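Chemist: Residue numbers for the sequence shown follow my numbering, so the first one is 99 and each next one is one higher.
If you are wondering where the hints come from, they were derived from the structure by calculation, not from laboratory data. It cannot be assumed that every hint is accurate.
Said to hold, decoys possible - FRET-style restraints, in silico, Cβ to Cβ:
id, residue 1, residue 2, range
1, Ser-407, Glu-234, 39 to 49 angstroms
2, Asp-180, Val-394, 24 to 34 angstroms
3, Ser-407, Pro-217, 20 to 30 angstroms
4, Lys-284, Gly-112, 20 to 30 angstroms
5, Glu-277, Ala-235, 14 to 24 angstroms
Stated by the list, open to error - Only pairs whose alpha carbons sit at most 27 angstroms apart, straight line, appear in this in silico DSS-like list of lysine-lysine:
id, residue 1, residue 2
6, Lys-281, Lys-254
7, Lys-400, Lys-411
8, Lys-288, Lys-200
9, Lys-122, Lys-400
10, Lys-200, Lys-100
11, Lys-200, Lys-115
12, Lys-288, Lys-254
13, Lys-411, Lys-317
14, Lys-185, Lys-288
15, Lys-238, Lys-288
16, Lys-150, Lys-115
17, Lys-185, Lys-220
18, Lys-400, Lys-375
19, Lys-238, Lys-185
20, Lys-368, Lys-100
21, Lys-377, Lys-281
22, Lys-288, Lys-100
23, Lys-343, Lys-368
24, Lys-185, Lys-200
25, Lys-377, Lys-284
Since this is a predicted model, take the numbers as computed values, not measurements. Every residue gets a Cβ at the ideal spot worked out from N, C-alpha and C, and that includes glycine.
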Amino acid sequence: MKLGVMSAGLSGMGWEKALDYCQKMELEAIELPVGCFPGQPFFDPAEVLKDKAAQRRIIDDCQDHGLQITGLAVHGNPVHPDRMIAKAHARAHDIAVRLAPKLGTDVVINFSGCPGGGPRDKTPNWVTCPWPPDFEAILKYQWHDVLIPFWLRKNKEAEREGVKIAFEAHPGFCVYNPETVLKLRKACGKQLGANLDPSHFFWQGIDPVEAARVLGDAKCIFHVHGKDTGIDSHNTRVNGTLDTKSYSNLHARSWVFRTCGYGHGDEFWKPFISMLKCKGYDGVISIEHEDSLMSVQEGFEKAVTYLRSVLIKEQPGAAWWF
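Could you build all of it, start to finish, from the sequences and the hints given here?
Modeler: Okay, here's the thing in C-alpha cells:
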C-alpha cells in the first residue's frame, strides 16, 4: 500500500511548495483536485487537457518528488436540479475523465450527486426515510429518471477512456453507503465503484471494516481516503447522529471529523487496513485533513505518522511456519 494525500488541503502552499512538503513527509502518492468542491488550485484542468507539455510537466514534477498521481478529485453534483450547476459539474467530471489517463492515473473521484425531489425543484432533496409516501416517489424519480440514465452514459464514457469512477459515499447524495454504491454499479456498469472513506460511515453507524469486506468482494474499491471521525457519546445519546450544526460548533455536535488515530485507534485502523489487504486492495491511503481541532500541518503530520505505523507495505512471503 502507498501513503498519499488528498492535496486540496495543501493548496495554500502552492504547487511547488506542496510537492516539496509531500517529499519531506516521504509520501508516495498524490490525489490532485481538478474541480467542483475541491476546486482547481494547482492548474486549470481544461487547459492542461489541451497541452501535452503541461501534462508532462505535472507528471515530471510529481515523479521528481517521489509521487505517483493516483487519482483526480472532482467532487461535485453533476445531477443538481439547477441546470447551470449540473452542467458545470458534469463538464468538470468529463474533463477529469479525459485528463486522468494523460496524467498516468485511471481513477476519478466524485460524488454520485443528488437531484431534486421532482423535475421542478431548484435544490437537491436527500431522502432519509420511506414514509410519508412522498419520499418513495422522490426516490423513484431520482434514481430511475435522473441518476441511472446519467451514470449509464458516464460509465460508457469512462470505459472508453479506461477510467474508473470512485464514488465517495457521502450523506446528502444518493450514494451514501455500500448498498447504494452497489445499487448504482449494478444499474450502470463496472466502471463505477468506491472511494472508501471511513469517516462518513462512522457516524451513520456503518462499520467501515464490514464495508471494506462487502465492497472488496464486489471488486469495486478503487481508492481509499484516510480520514477519521470522533463521536461525542453524550450529544449522540441526546440528539442522535443526524446533525446540521456547523462543523465549528465542536462542543454541541454529535460528531466531528478527526485526524486519523484521534477518532479511532488501532482497534479500528489495523483491522481496516488488514481487510483492505485481504480483499486485494494494495493502492493508496490518501490522507484528507478536515479536523477542526488541528491546523492542516499538525493534523496532516500526525495522520502521516499514525497511518505509517499501521500500513501494510510488503507482500507476504512464503508461510514458513507450516
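Chemist: Would the pair Lys-185 and Lys-220 pass a check requiring their Cα atoms to be no farther apart than 27 angstroms?
Modeler: OK: Lys-185 and Lys-220 at ~14 angstroms, within 27 angstroms.
Chemist: Does Lys-238 pair with Lys-185 here, judged by a C-alpha cut-off of 27 angstroms?
Modeler: Holds, at about 22 angstroms.
Chemist: What's the verdict on Lys-288 and Lys-100, does the C-alpha distance respect the 27 angstroms limit or exceed it?
Modeler: Holds. Lys-288 to Lys-100 sits at ~24 angstroms (cutoff 27 angstroms).
Chemist: Do the alpha carbons of Lys-368 and Lys-100 lie within 27 angstroms of each other, as the hint requires?
Modeler: 15 angstroms, holds
Chemist: Compare the distance between the alpha carbons of Lys-377 and Lys-281 with 27 angstroms, and conclude whether the hinted pair is satisfied.
Modeler: 20 angstroms, holds
Chemist: Falls inside 20 to 30 angstroms, the C-beta gap from Ser-407 to Pro-217?
Modeler: Given about 51 angstroms between the Cβ atoms, the range is violated.
Chemist: Can you confirm whether the C-alpha distance between Lys-377 and Lys-284 stays at or below 27 angstroms?
Modeler: 20 angstroms, holds
Chemist: Taken at face value, is the distance from the CA of Lys-100 to the CA of Lys-200 at most 27 angstroms?
Modeler: 21 angstroms, holds
Chemist: Quick one, are Lys-288 and Lys-254 close enough, alpha carbons at most 27 angstroms?
Modeler: 10 angstroms, holds
Chemist: Below or equal to 27 angstroms on CA atoms is what counts here, so check Lys-400 against Lys-375.
Modeler: Status holds; Cα separation ~23 angstroms.
Chemist: Given the hint that Lys-343 pairs with Lys-368, test it: the Cα-Cα distance must not exceed 27 angstroms.
Modeler: Violated. Lys-343 to Lys-368 sits at ~31 angstroms, over the 27 angstroms cutoff.
Chemist: Does the Cβ pair Lys-284, Gly-112 satisfy 20 to 30 angstroms?
Modeler: Given about 42 angstroms between the Cβ atoms, the range is violated.
When held up to the earlier numbered hints, the structure conflicts with 3, 4, 23 and fits the remainder.
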